[in-house]
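We have chain W; now place chain V onto it with these hints.
There are 2 protein chains.
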Amino acid sequence: LYTSKSHDIVKNLRCQIFFDLINNFILQLTACVFQDFDLAAIYVSDAQYNRNIYFDTSPQAVRLYLLYNHWVLKVLLYFFILVDLSLALFEEPAVVPLPSWVTMLVELLCLLVFTLRLIHYAKVIPRDKFWKDPKNICIIVILLLTLVDMIIYGALKAANCYGVRWSRVLRPLLLVNVTEGRQLRRAFRSIRNALPQIFYVFLLFMFSVLMFSLMALKLLGKRGLTTIEGAPYFTSYLEIVFDLYVLVTTANSPDVMMPAYNASFVFAIFFILYILINTYIFMSVFLAVVYNNYKKYLKEEVRQLVRAKRHKMVRAFAVLQEQKEEGGEPVVSQASWNQVVHLVQPDISNAHRELLWSVCDDKNQGAIGKVAFVQLADLLNIEVITIKSRPHPLNSLCPAFYQSAPSRLLCRMVQHRAFVIVYDLIILVNAVFIGLDEENPMIANSEWVFLALYMLEILLKLYVFEPRAFFSRHSFWNWFDTIIVVSALVATIVNSAMKSSGGYTSRQILDIVFILRVLRLIRVVDSIKRFRTIINTLIRIGPAILTFGQLIIVVYYIFAMVGMELFKNKVKFYEDTSDPAKAYCGNPLLKGTAFAQLNYCKNNFNNVVSSFILLVELTVVNQCSGFATVTHMSARIFFVIFHIMVVIVIINIFVAFVLEAFFVEYSVDKSDLQTSLEKKIEELELAVAQEKLEDNLVNAMETIDNDLGTSQSAAANVPSLMFKIASKRYRTVDALLQRMFEADLDPEDFAEHDDPEAQGNGNFANPTFSSA
Amino acid sequence: LYTSKSHDIVKNLRCQIFFDLINNFILQLTACVFQDFDLAAIYVSDAQYNRNIYFDTSPQAVRLYLLYNHWVLKVLLYFFILVDLSLALFEEPAVVPLPSWVTMLVELLCLLVFTLRLIHYAKVIPRDKFWKDPKNICIIVILLLTLVDMIIYGALKAANCYGVRWSRVLRPLLLVNVTEGRQLRRAFRSIRNALPQIFYVFLLFMFSVLMFSLMALKLLGKRGLTTIEGAPYFTSYLEIVFDLYVLVTTANSPDVMMPAYNASFVFAIFFILYILINTYIFMSVFLAVVYNNYKKYLKEEVRQLVRAKRHKMVRAFAVLQEQKEEGGEPVVSQASWNQVVHLVQPDISNAHRELLWSVCDDKNQGAIGKVAFVQLADLLNIEVITIKSRPHPLNSLCPAFYQSAPSRLLCRMVQHRAFVIVYDLIILVNAVFIGLDEENPMIANSEWVFLALYMLEILLKLYVFEPRAFFSRHSFWNWFDTIIVVSALVATIVNSAMKSSGGYTSRQILDIVFILRVLRLIRVVDSIKRFRTIINTLIRIGPAILTFGQLIIVVYYIFAMVGMELFKNKVKFYEDTSDPAKAYCGNPLLKGTAFAQLNYCKNNFNNVVSSFILLVELTVVNQCSGFATVTHMSARIFFVIFHIMVVIVIINIFVAFVLEAFFVEYSVDKSDLQTSLEKKIEELELAVAQEKLEDNLVNAMETIDNDLGTSQSAAANVPSLMFKIASKRYRTVDALLQRMFEADLDPEDFAEHDDPEAQGNGNFANPTFSSA
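As they're listed, the protein sequences go chains W and V.
Basically our numbering = 1-based index in the first sequence + 69.
Basically our numbering = 1-based index in the second sequence + 69.
Calculated from the structure, these hints are not laboratory results.
Possibly wrong hints are sitting among the right ones.
A pair counts as met if it fits within one copy or between any two copies, since identical chains are not told apart.
Okay, derived cross-link-like pairs now, DSBU-like style, lysine-lysine, Cα gap no bigger than 35 Å in a straight line [stated by the list, open to error]:
| no. | residue 1 | residue 2 |
| --- | --- | --- |
| 1 | K639 | K660 |
| 2 | K530 | K287 |
| 3 | K598 | K368 |
| 4 | K204 | K439 |
| 5 | K641 | K660 |
| 6 | K365 | K748 |
| 7 | K143 | K201 |
| 8 | K287 | K641 |
| 9 | K651 | K287 |
| 10 | K291 | K660 |
| 11 | K651 | K291 |
| 12 | K598 | K287 |
Here chain W stands alone, though its shape is the one from the complex (with noise of 0.2 Å):
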């Protein structure tokens, strides 16, 4: 299994660190000279990142960008737009009030930050792009329309009339637009591209709506039924409306047909019927006409991101290439991919590096072309985890210990599968332990012996496994276990000295020992290879689930401002139990509703974190007659609308993209690019056999540990250095999408980086498309 070639190859990239560490050398003293290389890498490093930014040229300008890419200003921006937004929380109304003039200087001070950004952006870019860029008019308008709101609310404060910051609606849109939030406006782009086919349908709808309330009307109106509270049902026609259109989020079912049912069964007909129809069949016709639509824009907005990477990668190979021979096709020589590859990512070891040139240059010719050229910025992105098998250091330090007889079936029983087995029945007698009262002392401690067998766990791991692979950055569960384990008994040992010392509990303590204690229970799902397969895909498609979490707070953010100017102090909730306005939630007008009695008067708009609270609410059960009752009828109309964007958009396009990542993931397998690095790793011999590890090093390496065991016994037989793709891990969500929609991507796209006009004019401008 082991030829010689992959001895040269090991040979090979022994003398390749040597050459690599007199390349940086040069490359250091040449840097002034060779700018090239530095906008090479900016161009390869853009297009693996997907950033679409068009900078000039000139070194200044590249030395701005490159500024302009730093991960602290990065930091730096999202902190103050972290500050921004928490503003509301010291503003009126607030949680945590602060006086105004603090509020604001604050404010001015983020307002500067972000002045001081878009100057710099304006420094990178050339003049006219800079105007012809919706973004930055956009900001530029927040910024300006935000200082105007300042100064009329401050002189309304000075002569002591009632001022409204509305600028604060427009906060989260600088989250969109200052910072380089791509996923976030490609969804914002891809939803108001849906909009135009999503209204036909809303308008269908509201039509059907409509007609069932005019029914209701003509058919309940006139029966002089009551509904629960006494009042007159089903009289007013808006109301009837309303009411129907609540009933579509089911939350009012079955209250609002109860006294018609009761009056006659027949009209249960009526209120199915129109479940069918308005609940059932429209609902599933949204998500049919969100999600097509959706993917049809997003698919769009993928390809010209493909393209947009290729012209990239293109001009990173105008800057590199050098004419081998005469009349030859322009190559990048492999000093010069080298030397980029290093600047792209400082961080690559030279044996990975050293994998990927062998993929690009395939032939070996010790240059490449175009073509493969190109391929770079997607290989950089499969991620190649190195692994290095080390001896167990106790094996280096003690020897005849750690190889003795005892030892040796000490590391047997642990890899055994019988070892996992035993500790699942342990994590399960834990579970009914911890459901049992912890009052009982067997039971607290009981705790103690617990954490004893999980901390051996650990502690037989480490002795069995090398540390620095146990602990490698793919071991999600080895760290996951370690930490909960560690700070449970960090946590649990603070708890009983206190105790003992003071005879007090602190609650928070306590809280946290037992979250603790039943987040160990989580480990039970990693043993089942079924579980585990239905929790790497959502683990896969976490990173664009954070992307909607971003697209929430947003519109929430939005929603959270205009409710608290309407509904601020409307409904109060009392602490003091004792004290009679909490019954009717401080408003004569709630007194008697089922909003009070339902004691929902925590349910309010009187600071920011009770209004996110409440919006997830509504989101869930979109449950809203207290306000209409304290306010207007009219307040309704703010429900609706948050009902719609929410639940009928946003929602159902998150629905729509879980559904499209799991399909992708029941029937793609690997790209083209992953199936010949994976070739060229199994042609170098560096590779393990991919069954091995699969399923212990990258995605749990303690359930089926035996394998490794084998593996590492047989160590002399092991190359020091293996290589492993983490074929299903997505670097950026912009693999994931470029993933998602591979199958159906042009073909030819992949001929169009030679398309003169496209490089000519270096417009890979941001994807934009009309839309007609």
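Quick look at chain V alone, frame taken from chain W:
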């Protein structure tokens, strides 16, 4: 445009009619001799309607088989199934109580009918096939079990003991098995095959619920919180699990979190996390898994269906084939083909048959080979509308008047776009008037004006358009309009007659009048093209939705039977409002519960109608605390199982089906066969320009009628016969399904009709495949 070729064809058609008459005569004479044609016709008919019964080919069996497929027997069977199912209305707990000997006699009659049907079936197919089909075994077992149950119940009744008619649960299974409910059985098979995958996701989901419950118990159980009813909050583990499970259905949101949220807003985060993971992510994953699996298995089923269809056509070909020339390929002559088509579809017009032949016999050879013959089943499934362009009867009766200038002006006015707009406006004004109070005499009288206007519209259209074309089979909106307006007129006259004669107004008639008035408004939708496309899609997937309706009824029936045994008379509804028991639904256990307070007493299992309505409510929102109170905590299991079966499995399959159908509508255009048929129609120059007909004759004759008017006034240039493919309508659900998976179907299946093995043993089985 009108060439001599089509003249020839028209002449040909006339000859054909004569030829057919003679042919039919000969056929009648030789029917007993030439069983072949009967047999071939049965094969073709089976292929067309996807019937999969392997009947004996002996003349007697064929005759029995024809009888078996006779529509009268099928209608009778459905009638007896309906009777059997609706027995639940008369049995304890009954809507209309009947003595148990009556219902049992009726049930015995039904069982007898089913047994006879089964015996009939056994005579049709070979003995060994009969016993191999699980469907037949299932029917026999159900029949026997029902008999046993009836005997036991009768004996218990005679001894005055308490008996349970448990076999009632089995009744809906007869609907699945006795009838040729292929779609239904297929849906059940798909669900059964998808269950393992769903099960694993469900286990993971339950694990998540259990973990969250444990955490909730530890965090909230010891805080001494109370619910709104004063009960301890989150102290029992099983209670928490159930409450959190119900939270997934959003039924008790936000009630279940309010006590914790009132204690501290930090706990809201716990619930938000729970809802995010379990309600949003897991429910989406369920949809994804159900969708993916259902689609996968359905595709496999449809593939086998197509294969079986082709086998049957090959068998029919084998019966009809003749050797035209020595050593040549066997062919089917036009005469045999005509005879078979005539037997399969006696109502087919000669022109239509001629058209189909010309599609098959593309090269005009007078005979067709196997490949062309196999198309016949699909060709017969394409709905071709024969349009006979006739002059208006008034034009024939009194041409001078009909062709006069005022008459022609009137025609032009009615055909003008403005006419449609004016009537749309009238409908809108009508909608406003309906919304107003009808006690007002002005409003009441306006109804007569509107009725007159609508009648005028219909009469004008009848004056302008040929009545038979106006009331053609595909003019849905014309029929709709006329029926609604005429019934409204009749009902209004009856109503006012009753009012003026005795001053008495029947509530029922008034209700009908109101419903008809509101339904009239629906017509507006048809004027807007965007709406029309959405509605047409919905109408197209209508038959498939009915299949799901059957599925739901089967599941509801089973749950209703079980529910009635478990919960009958536990909750009572009192019509009499003065009864003190009404406040707690006649069950002291419900005193002070939310169930009684919200007046849900009529939501009970006291008869089959109430049970069905309650099950619909449970499908929408799983609110069942009342029933757990009146019986036992374990009653909740019933509701959880119902939720899993109906909401997680069936509703998700329904959503998946709607999504898939919409995607097909968005992406697929026409099948190859339809294209070739259309090409042929165009070639024959009998076709009218597609775009003219698309909008008026088929979809909406009355909205854009001026086009038709033009073609009518130029009647001399138009042939007297036109064809039009109703391209997007599906005669059968199978056709829609085949269309859905057309793109994915293995094209090599088409070649497989020569497969000797399958052809040899005639094994076109009901689609089955291993669930591996």
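Each hint, compared with the structure:
Proximity of K639 to K660 under the C-alpha cut-off of 35 Å is found in both arrangements, the shortest distances being 13 Å within a copy and 33 Å between copies. When the C-alpha separation of K530 and K287 is checked against a cutoff of 35 Å, the pair qualifies only between copies, where the shortest distance is 30 Å, while the shortest distance within a copy is 74 Å. Both within a single protomer and between protomers do K598 and K368 lie at most 35 Å apart by alpha-carbon distance, with minima of 33 Å and 27 Å respectively. Taking the shortest alpha-carbon separations for K204 and K439, only the intra-copy value of 33 Å comes in at or below 35 Å, while the best inter-copy value is 64 Å.
In this assembly of identical chains, K641 and K660 lie within 35 Å of each other by CA distance both inside one copy and across copies; the values are 13 Å within and 30 Å between. Taking the shortest Cα distances, K365 and K748 sit within 35 Å of each other both inside one copy (34 Å) and across copies (31 Å). For a Cα distance limit of 35 Å, the shortest separation of K143 from K201 inside one copy, 23 Å, qualifies, whereas the shortest one across copies, 71 Å, does not. Taking the closest pair of Cα atoms, K287 and K641 come within 35 Å of each other only across two copies (30 Å); inside a single copy the shortest separation is 39 Å, beyond that limit.
Taking the shortest alpha-carbon separations for K651 and K287, only the inter-copy value of 29 Å comes in at or below 35 Å, while the best intra-copy value is 40 Å. Proximity of K291 and K660 under a CA criterion of 35 Å is satisfied in both settings, with 28 Å inside one chain copy and 32 Å between copies. In this assembly of identical chains, K651 and K291 lie within 35 Å of each other by CA distance solely across copies; the values are 24 Å between and 37 Å within a copy. For the identical chains of this complex, K598 and K287 are inter-copy neighbours only, at 29 Å across copies versus 59 Å inside a copy, given an alpha-carbon limit of 35 Å.
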